[in-house]
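Taken in order, these protein sequences are the chains called A and B. Numbering that gives the first Met the number 0 puts the first sequence at residues 0 to 625. Numbering that gives the first Met the number 0 puts the second sequence at residues 0 to 386.
Calculated from the structure, these hints are not laboratory results. Note that the structure is a prediction, hence the values are computed from the model and not measured. Please note that the accuracy of each hint is not assured.
DSSO-like cross-link-like pairs, simulated, lysine-lysine; straight-line CA separation at most 30 Å [stated by the list, open to error]:
1. A:Lys273 <-> B:Lys141
2. A:Lys402 <-> A:Lys270
3. A:Lys255 <-> B:Lys141
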Amino acid sequence: MAAHRCGLSLVCILIFSSLAHPSSCDTLEKANDNTATKRSISEVNTDGSVAGEDMNERQWQSTDVEVNRSDGTKTSETFTPAPAPAPARDQFQEELVIRPLHSGDIYASFQFRTLWDTDFLQERQKKVSHYRLFPKSLGQVLSKFSVRELHISFTQGFWRTMQWGQPFIPSPPGAELWVWFHHTVSDVDGNWKELTNVLSGIFCASLNFIDMTNTVQPSASFKPLGLGNATDHRFLRYATLPREIVCTENLTPWKKLLPCGSKAGLAVLMKSEKLFHSSFHSQAVHIRPICQDEQCTSKAWELRQTLNVVFDHYTSGQGKKEWSLFKMFSRTLTEACPLASSSKVYVDITDNPEGELFELSPATHLLSRAVVLGDRRTYSVYDLTRAETFGQLRSFNLLLRWKGDSGDMLRPLLHAERYVAGFGLQTGEIHTVIYNNHPYRAFPVLLMDSVPWYLQLYVHTLTVTSKSRDNKPSYIHYQPAKDRHRPHLLEMLIQLPPHSMTEVTVQFERALILKDLTSSALVPSMVAMSTNFTQDQPLFSSFVPVKEESSYFVRVYTEPLLVNLPTPDFSMPYNVICLTCTVVAVGYGSFYNLLTRTFQVDEPSPPLAKRLANFIRRIRGVPLLA
Amino acid sequence: MSNDFLQMHLKAVMSCLVIFLYKVHTTKAGQFFSSGHTNNWAVLVCTSRFWFNYRHVANTLSVYRSVKRLGIPDSHIVLMLADDMACNYRNPRPATVFSHKNMELNVYGDDVEVDYRGYEVTVENFLRVLTGRLPPSTPRSKRLLSDDRSNILIYLTGHGGNGFLKFQDSEEISNMELADAFEQMWQKRRYNELLFIIDTCQGASMYERFYSPNLMALASSQVGEDSLSHQPDLAIGVHLMDKYTFYLLEFLEEVHPASQANMNDLFKVCPQSQCVSTPGHRTDLFQRDPGSVLITDFFGSVRKVEITKDTINLTSPVEPPIQRSGSGDIQIESLTYVDQLPVAEIIHQKPKQKDWHPPDGFILGLWTLILLVFFQTYGIKHLKHIF
Numbered sequence: 000m001a002a003h004r005c006g007l008s009l010v011c012i013l014i015f016s017s018l019a020h021p022s023s024c025d026t027l028e029k030a031n032d033n034t035a036t037k038r039s040i041s042e043v044n045t046d047g048s049v050a051g052e053d054m055n056e057r058q059w060q061s062t063d064v065e066v067n068r069s070d071g072t073k074t075s076e077t078f079t080p081a082p083a084p085a086p087a088r089d090q091f092q093e094e095l096v097i098r099p100l101h102s103g104d105i106y107a108s109f110q111f112r113t114l115w116d117t118d119f120l121q122e123r124q125k126k127v128s129h130y131r132l133f134p135k136s137l138g139q140v141l142s143k144f145s146v147r148e149l150h151i152s153f154t155q156g157f158w159r160t161m162q163w164g165q166p167f168i169p170s171p172p173g174a175e176l177w178v179w180f181h182h183t184v185s186d187v188d189g190n191w192k193e194l195t196n197v198l199s200g201i202f203c204a205s206l207n208f209i210d211m212t213n214t215v216q217p218s219a220s221f222k223p224l225g226l227g228n229a230t231d232h233r234f235l236r237y238a239t240l241p242r243e244i245v246c247t248e249n250l251t252p253w254k255k256l257l258p259c260g261s262k263a264g265l266a267v268l269m270k271s272e273k274l275f276h277s278s279f280h281s282q283a284v285h286i287r288p289i290c291q292d293e294q295c296t297s298k299a300w301e302l303r304q305t306l307n308v309v310f311d312h313y314t315s316g317q318g319k320k321e322w323s324l325f326k327m328f329s330r331t332l333t334e335a336c337p338l339a340s341s342s343k344v345y346v347d348i349t350d351n352p353e354g355e356l357f358e359l360s361p362a363t364h365l366l367s368r369a370v371v372l373g374d375r376r377t378y379s380v381y382d383l384t385r386a387e388t389f390g391q392l393r394s395f396n397l398l399l400r401w402k403g404d405s406g407d408m409l410r411p412l413l414h415a416e417r418y419v420a421g422f423g424l425q426t427g428e429i430h431t432v433i434y435n436n437h438p439y440r441a442f443p444v445l446l447m448d449s450v451p452w453y454l455q456l457y458v459h460t461l462t463v464t465s466k467s468r469d470n471k472p473s474y475i476h477y478q479p480a481k482d483r484h485r486p487h488l489l490e491m492l493i494q495l496p497p498h499s500m501t502e503v504t505v506q507f508e509r510a511l512i513l514k515d516l517t518s519s520a521l522v523p524s525m526v527a528m529s530t531n532f533t534q535d536q537p538l539f540s541s542f543v544p545v546k547e548e549s550s551y552f553v554r555v556y557t558e559p560l561l562v563n564l565p566t567p568d569f570s571m572p573y574n575v576i577c578l579t580c581t582v583v584a585v586g587y588g589s590f591y592n593l594l595t596r597t598f599q600v601d602e603p604s605p606p607l608a609k610r611l612a613n614f615i616r617r618i619r620g621v622p623l624l625a
Numbered sequence: 000m001s002n003d004f005l006q007m008h009l010k011a012v013m014s015c016l017v018i019f020l021y022k023v024h025t026t027k028a029g030q031f032f033s034s035g036h037t038n039n040w041a042v043l044v045c046t047s048r049f050w051f052n053y054r055h056v057a058n059t060l061s062v063y064r065s066v067k068r069l070g071i072p073d074s075h076i077v078l079m080l081a082d083d084m085a086c087n088y089r090n091p092r093p094a095t096v097f098s099h100k101n102m103e104l105n106v107y108g109d110d111v112e113v114d115y116r117g118y119e120v121t122v123e124n125f126l127r128v129l130t131g132r133l134p135p136s137t138p139r140s141k142r143l144l145s146d147d148r149s150n151i152l153i154y155l156t157g158h159g160g161n162g163f164l165k166f167q168d169s170e171e172i173s174n175m176e177l178a179d180a181f182e183q184m185w186q187k188r189r190y191n192e193l194l195f196i197i198d199t200c201q202g203a204s205m206y207e208r209f210y211s212p213n214l215m216a217l218a219s220s221q222v223g224e225d226s227l228s229h230q231p232d233l234a235i236g237v238h239l240m241d242k243y244t245f246y247l248l249e250f251l252e253e254v255h256p257a258s259q260a261n262m263n264d265l266f267k268v269c270p271q272s273q274c275v276s277t278p279g280h281r282t283d284l285f286q287r288d289p290g291s292v293l294i295t296d297f298f299g300s301v302r303k304v305e306i307t308k309d310t311i312n313l314t315s316p317v318e319p320p321i322q323r324s325g326s327g328d329i330q331i332e333s334l335t336y337v338d339q340l341p342v343a344e345i346i347h348q349k350p351k352q353k354d355w356h357p358p359d360g361f362i363l364g365l366w367t368l369i370l371l372v373f374f375q376t377y378g379i380k381h382l383k384h385i386f
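Just chain A, with the same shape it has in the complex (with noise of 0.2 Å):
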């Protein structure tokens, strides 16, 4: 009878790893590798426009040109790419990157970029109207509501970091908003409100249960990843929403902002049948802007969209190790998107120098290489807009035959878990653990953490040990939760140590509500970490958000957790009516009772024997018995 249904409360944390962004829409450049490391393969000549800090024109335009290996000859010659095209408007490129894991999954990662060299914010030029590349219904949505950046995701399923690595764009679960607003607008709540609402309608979304309860805004982390000077973060805001589901509906409107819809181009892989049978599935559409050029001197907008997909080797794979786009995507590519200045399918074969890991065809002699996250990989590259990756069939069908058994991984260098501690429905313990793996290196880490205000945190018993001792944070910033207005916020800046075992926990109480018995509720926290990596030689990163410098930033996201509310005991009525009744009977009326009840003498009733006797002497006129 105890109506223990448990309001489970899922409590998502998100750790927050920006990356040096994922390979998958750029290849890295490298110029003058020096490095003997190599296996004596030559270094990418690049041309006078690749300079490594021009991080927004196409670097692979200049892709190291190899014949293949296997032919026992090495020559090298440059690919003088078509001529940068002089003010281009607006340009459109599109990538799809496969990395196979070690657990035998496969890993694609599809990047849409626009670049749009125009000022949606400022106010003397004549506004915006004419949209060629550009979607109109974003591009109104920033004017209007004059957005610096926005940053949407969503995401079914959980990265595994530990199976399957870090992945290029980190999403936590859920659907995630976080937006930069521009510095002259007055009413920051306000306009963030209207846009969640817009933003649900474009993406068919529930983004509209995005209020005042569930957004946060970070002090620390989260910072612009695009071009900006200041960053006062009275213009930020970010929140998630854990429990949104991602189904066609959400891919449908994604789908139409590309140029080319889903008609031609790498588009036409994306059949939502397959696409939601993964283990991992995330979209996301980043708007930013960025520099135009080599100076710096102007801005251009850049919105990129990104499809991550993980297919899982048992449900799709039926066992056999093999893949083919055809497998995964029930599509094969016919040609690219006309629009297009590029399009390109990207390999990852770093693990697979020789061909002895797996096979890979059609055959290649294009390969590209980039750093990822300090790691530098290979990439064997098919260019859409060639007409010869096509062959004879027209249709481009890549096949990937696993031959041997791929060793273990290495364990990735940041790694974050988070769990809830403690018994009864009162009282409990979050712990957040952070695994630093890397041998000699200590890395600063920003852990932001938004708890709901129905989880009452005790700041008091915030504790942080690394190799069970006392780490004291750098800063810590906490805002308090008020009751149904806000949550709580929590970011610290912890330092650490080399191969370490970092926890922080925290003790919460559970605030008695009364929640729907079928909802859930979902708490978000994130961590964001730095690594400064510097290397012998200089690395470049032209991609994405982020750094000239040898370092980069990742962002981790933990599992969102799952903690129970107390629901009350809905038989409580009738107890308290049973027992009540019963106290009033058996007191009251025992008193009352005693008060006003009498007594009085009362003959009893003759026996019928003597009855009858007696009526016989009646009829006989005789005088009666007693």
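Given chain A's structure and the hints, the job is docking chain B onto it.
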């Protein structure tokens, strides 16, 4: 005399002819302008949640599919699904919702746009959509932007009873509320004609209280009867569709945008031999004869076509004006990217100046108490010693 007679006879014949022709002319013209609508809208609602109510979502999606196929665009359809079946973890074929047990027809498709989903499907939102009283920040795809020349199709499915329909297992809408909502729509001129279809148990009870004009209603069962589901699928494990909507879908698959099938055919869908329950309909509030109302008046869409005889030259491209400002105001300073994790800056961050709020709650009460005690002890007249 004979001349007169002849003239009269001729006149009579002529007038007869004229009258006859006139009548023919008006009937043809009358038919041409009979429907009187210029646009079509559809509001399709599934009100139940949980995996075992898969069939209600399949019902709604099959009507959605038919309506889209017959021409109504997504911008004119408001689709409300109370739960997600396609990407539910229990679905053995993700991103699909089937209507037939051999998995022949995936009614979810690849091009679906759900406007209200999950917990957004509530009685309040449904009534707000119908009456148009939505908060100003609601996006267009979530609004029913109909006018007085719109024909609207409203389809409801879920669990219902005598006089009510259950939403999401926690609330209900009564037939009186629905009738009042339609009256509001009529008074605000939000529809020209409205077709209301409901597939629930005792569905006929939902339309018996309507009182606004130009309403036609169909239900899958009478008061006191249950609507039954069609067939389960052993692979998926639940019933896939309800009987009435299954046969309705079969009927609509035969209809194409130019078909002349009318409402009388729709009333004959799913007789009792197939449906077990008795479908009912109500046409007394409708002004036209149901036999003259085409199915495509509600399920299809009117396309506005303008015929022009002018030729338009499409060869010269439009040159967008150069928006770059003149050389006078080139920004000389170069812009930079922001450091993602500026450790030194974070450590030395100054605490934010919080806005001052007047004290509230406990502190306010405490101060009020202190002041009261103070004034009680010393009295107001002693204040002059202080000030």
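So, going through the hints one by one against the coordinates:
Distance check on the hinted pair: Lys273 (chain A) and Lys141 (chain B) sit about 29 Å apart at the alpha-carbon level, within 30 Å; holds. With a C-alpha separation of about 28 Å, the suggested pairing of Lys402 (chain A) with Lys270 (chain A) holds against the 30 Å cut-off. Distance check on the hinted pair: Lys255 (chain A) and Lys141 (chain B) sit about 18 Å apart at the alpha-carbon level, within 30 Å; holds.
Checked against the numbered hints given earlier, this structure breaks none of them.
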